[in-house]
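Sequence lines, in order, name chains C and F. Heads up: the first sequence at position 126 corresponds to 141 in our numbering, and the numbers run straight through without jumps. Heads up: the second sequence at position 218 corresponds to 323 in our numbering, and the numbers run straight through without jumps.
Note that these hints are calculated values from the structure, not bench results. In this text, all values refer to a predicted model and were calculated from it rather than measured experimentally. C-beta atoms are modelled at their ideal positions from N, C-alpha and C, and glycine is treated no differently. Just to be clear, a hint being listed does not mean it is correct.
[Stated by the list, open to error] Computed footprint of chain F on chain C; a stretch qualifies when at least three of its residues, placed anywhere within it, have a C-beta under 8 angstroms from a C-beta of chain F:
1) 211-222
2) 372-384
[What the hints assert, rightly or not] If you anchor each label on the Cβ, the simulated ranges turn out as follows:
3) F:G138 x C:S280: 22 to 32 angstroms
4) C:Y314 x F:V369: 34 to 44 angstroms
5) C:I316 x F:R232: 29 to 39 angstroms
6) F:Q384 x C:G177: 37 to 47 angstroms
7) F:M106 x C:S300: 45 to 55 angstroms
[What the hints assert, rightly or not] Going by beta-carbon spacing under 8 angstroms, a handful of chain F positions derived as facing chain C:
8) Q111
9) I236
10) P242
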Amino acid sequence: MKLGTLAAAFALAGTAAFAAEKTLDIGVSDALTGGAAVYGLPQANAVKMAAEEINAAGGITVGDDTYMLNVIAYDDKANPTEASNSVRKLLDRDGVKFILGFCCSGATGAVASFIENEDAVMLVGNAAERSITTREIPNLTRTRPPADYTGAAAGTFVAQKGHKKVAVLGALDIGFYASYVDAFEKELEKAGGEIITRESFGLKDRDMTPQLTKIRELGPDAILVVGYVEPAAFIYRQAVELGIDVPRYGFTSGSEEQFLRVATSEQMEGVWDLRPTELTLLSASDNGIAYHKNYSEKYGIAPSPSSPYAYDQTYALKDAIEAAGTVEDTEAVAAALRELPVPDEVVMQYLPVDGKMFDVNGQAYTSNGAFQWQNGNWVFVQDLPSDAAAYSAFLSTID
Amino acid sequence: MIEIFQQIINGMAIGGVYVLIALGLTTVFGILGIAHFAHGSVSMFGGYLTFFLVVMWGLPLLAAIAIALVVGLVLGLLIELLAYRPVRNASHINAFIVALGLTMMVEGLNLEFFGHEQVVIPTNLNRVFNIGGVTIPELRLYVILAAALLIAAMTVFVEKTKTGQAIRAVAENRDAAILMGVNVNTIPLVVFSISTALGVCAGVMVGALFAIAPGIGEGLVVKGFAVLVLGGLGSIPGAVIGGLVLGITEALAAGFISSAYKDVIAFIIMILVLLVRPQGLMGKA
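Chain C with its partners taken away, still in its complex shape (with noise of 0.2 angstroms):
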């Protein structure tokens, strides 16, 4: 008898032991170097960062269980074909089920396009392109809201300012940044305005003193540049060495530090970035704030604004995978996700949807933001007009 109670001892010390051990592998592919990692690093130690939370607080509960959560991250330069094999190596190789990061649109929709066949569930971060959620794949979400529903709020809040003739500065071959120019430019039309150019540039393009020419002499009321955070720095410093005088607008998420490193604050003041309410210290929740201090703390760089779409994505991952109680039924937990009310520990200011955080396309969505450069920070001004029950409604229209 006594044998039998040792034994029944020794089993539940060893299953107790075992739950404490239970290790969760979540994968992560992103752009870690190249032209896209500005975006990319920083949501990879987002992710890294909400792992170590959340096992600090316990890990993972399902059932009797509790799970650590292991990261492991993939560089996929933000590389379609490169985005397609990390995933493949996290899937086939590693055995991992739930993937998160993606911060660039070309490599997400390569991964998107076959995602909906495996057994994995695929949470989207910075990633702005609209079709991502528009394919009806039930084993994405994304944090971040498309590109055209901030181009929309955009337009509207340039027009209010009085403005008729735009140019408009951008990688506009790249298609999410194309919508949001053409979401800005219907809203613009609607108010009389109108964009008297579109010039673009390449993601590697550093000179962009010959298009800042030609949009001098059209004599425009504003500018509007869209691109990745670098080459945006350089067009607003450019501008103003060219005396390009007029309301600089833009759509880039780029922080304080990464414009620093090429324009001076004198020559960035002024500047508006209009985009989703993404994390800027001064218009930060309590959430934004502690992100920002531990993040800094831990990495010794300021976050990007939009890093918290990956630190959010863990959050939601992690609240799904209770409220279905499993981390080996994937469609569970994907199910679970498009129930999720917004957890309490994200970053990003979502705005519910029938009080959920993802709709029915599994589309998050942020109110938008008006932030200006002022004395070396990006302070927050104003809301942008945000209707995201319309936009939601809209998007399940789109094939």
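We have chain C already, so just place chain F on it with the hints.
Chain F alone, transformed into the frame defined by chain C:
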């Protein structure tokens, strides 16, 4: 009219960088017959090193450039001695493969030493001059002047010094140069050192005007070879004219036709020139 002048000024700064890159390539190719693909990566190394010395060590910009130049001269010697000299008498394909391998090696070293992030060399040259509506940022003005000075110095060196005469002699006829007592083992060392130093200067200019990042050097060396073909292989005046033509054409194409196709338009013009003058603008028929 102001727009045209402005675009020409815009194009001259980047054209100056193309000239320096092409000068380094043309001396190596003209004299040694080597397509030195690693030149762009080496010039990026110079830019990275200058950034490192200024930002990490806090050295004044000019001191950092001087140190980077000395390192460039030594690096040039080493490249010739360790990479190209062993295959000097082998088939051309060997030097070609060495050049490709060297490019990957230097790119890898840049990544290892300096990381993957874009860096911009801080200069504090932020003034802007306005002459009759044409604006010239102080930094661009210095880049144009520095490029002009280096071109002049290179020309004087090649035309007026004994070493320069020896380089030209080897370029014209290596065997005759040996008969005339020219030390043909020393000339490649000098050529690579000068070429690399010019590359370092170009790297510093790119790093200050724009940015240095992995992959930028490869793009630059492609433009450098385009200038070489446009100006005429092995021709120093050809490199100067070709570089300026390419830089200004790119600016004018972006400004007056389409920014999306500025590279395409610049290369179409290059092809048109070569249809008329296959030997390049300043090349010998």
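Do the hints match the structure? See the list:
Counting residues of the region 211-222 of chain C whose CB falls under 8 angstroms from any CB of chain F gives 6; the rule of at least 3 is met. Only when three residues or more bring their CB closer than 8 angstroms to a CB of chain F does the claim for the region 372-384 of chain C stand; here the count is 0, and the claim is violated. The supplied range of 22 to 32 angstroms is broken by G138 (chain F) and S280 (chain C), whose beta-carbon atoms lie about 50 angstroms from each other. Distance hint check: the CB atoms of Y314 (chain C) and V369 (chain F) are about 41 angstroms apart, consistent with the given range 34 to 44 angstroms.
At roughly 30 angstroms, the beta carbons of I316 (chain C) and R232 (chain F) sit within the given window of 29 to 39 angstroms. Look at Q384 (chain F) against G177 (chain C): about 58 angstroms separates their beta carbons, and that is not inside 37 to 47 angstroms. Range check, M106 (chain F) to S300 (chain C): Cβ separation about 54 angstroms, and the 45 to 55 angstroms hint holds. Given hint, Q111 (chain F) at the interface with chain C, holds; its Cβ is 5 angstroms from that chain's nearest Cβ, closer than 8 angstroms.
With 8 angstroms as the threshold, the beta carbon of I236 (chain F) stays out of range of chain C, its nearest partner Cβ sitting at about 12 angstroms, so the hint is violated. Against a cut-off of 8 angstroms between C-beta atoms, the interface hint on P242 (chain F) holds, since the closest Cβ of chain C lies about 4 angstroms away.
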